[in-house]
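Construct all of the structure, not just a fragment, from the sequences and the given hints.
Residue numbers (the numbering used here): 169 to 439.
Simulated from the structure, these hints should not be mistaken for laboratory data. One or more hints might be untrue.
Said to hold, decoys possible - Listed next, the in silico EDC-like pairs over lysine to aspartate or glutamate satisfying Cα-Cα at most 20 Å (straight line): (1) K369 with D318; (2) K293 with D305; (3) K425 with E353; (4) K366 with E401; (5) K293 with E345; (6) K343 with D296; (7) K243 with D233; (8) K343 with D318; (9) K369 with E385; (10) K369 with E353; (11) K366 with E399.
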Amino acid sequence: MATNSYYPIPRAFTRFARIGVCVISSVCFYAGNASADKLDQVFQVGQSKVTAAQKSQAKIDGIADQTDSLLQSYKQVNKEIEGLRVYNAQLEARIQNQLDRIAEIDEAMSQVTVIQRQITPLLVKMLDGLENFISLDVPFLAQERQARLDSLRGNLDQSNQTVAENFRQVLEAYKIENEYGRKIEAYDSSIDFNGDGKDRKVDMFRVGRIALLYKTEDGQEVGRWNNTTREWEALDAGEWGSYINTGIRIARNQAVKDILQLPISAPEAAQ
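Take a look at the structure:
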């Protein structure tokens, strides 16, 4: 039968063993602490690099956004510049056209003085011709027509009257005289139809420039103007009185328009 044998361990060895274990434990503890410090340092360095990289990326992103914004602004400015070039070209064409017009106006204004010097004598001649025409025409509204002519001559000497206004007024007078030949008219007047130097009140009836007839207030005497002899001619009141009276009523809108038989001289052939 086998028996277990036990060998006693010396106390000194046991003490040394304990000391060794303690030493090893201390070394491991210090080694562990040193490794942990180094790992912390490594982590801190890595974290710093990550933070720096994030900041750098943020700066890069910011620069990229600014670059993109500047690029868009640059494109927009280029479009505006192109539009301004087209607009400026159009303005230059307009300005050149205006300069040409200004040159034409300057040229015309340089001739204004010459034209004004020529217009005034022309107006005098036109008034002389109008006065001569009135004196040879059928003598209707004689005072009114002569007063208009005198007024136009007086306006030529007015300092506050422009040449253009004088010219307009003379043309207006010619227009009025022209309209006289297209209308019929009845008005009250006083004429010396007997040639005795005494004016008598009469009713005048004018048909354009082809007939100028009169009728006394009592209707007993009627007559016409003979522009060939430049005299008044008496007519038979029984034959022509009713026609002349009807014509006067038509001209005054007192009767409807109708065909009238009037004593009109036959036109003469032109020489």
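We went through each hint and held it up to the structure:
no.	hint	verdict
1	K369 with D318	violated, 25 Å
2	K293 with D305	holds, 18 Å
3	K425 with E353	holds, 13 Å
4	K366 with E401	holds, 16 Å
5	K293 with E345	holds, 16 Å
6	K343 with D296	holds, 16 Å
7	K243 with D233	holds, 15 Å
8	K343 with D318	holds, 17 Å
9	K369 with E385	holds, 7 Å
10	K369 with E353	holds, 17 Å
11	K366 with E399	holds, 15 Å
The structure shown violates just one earlier hint, number 1.
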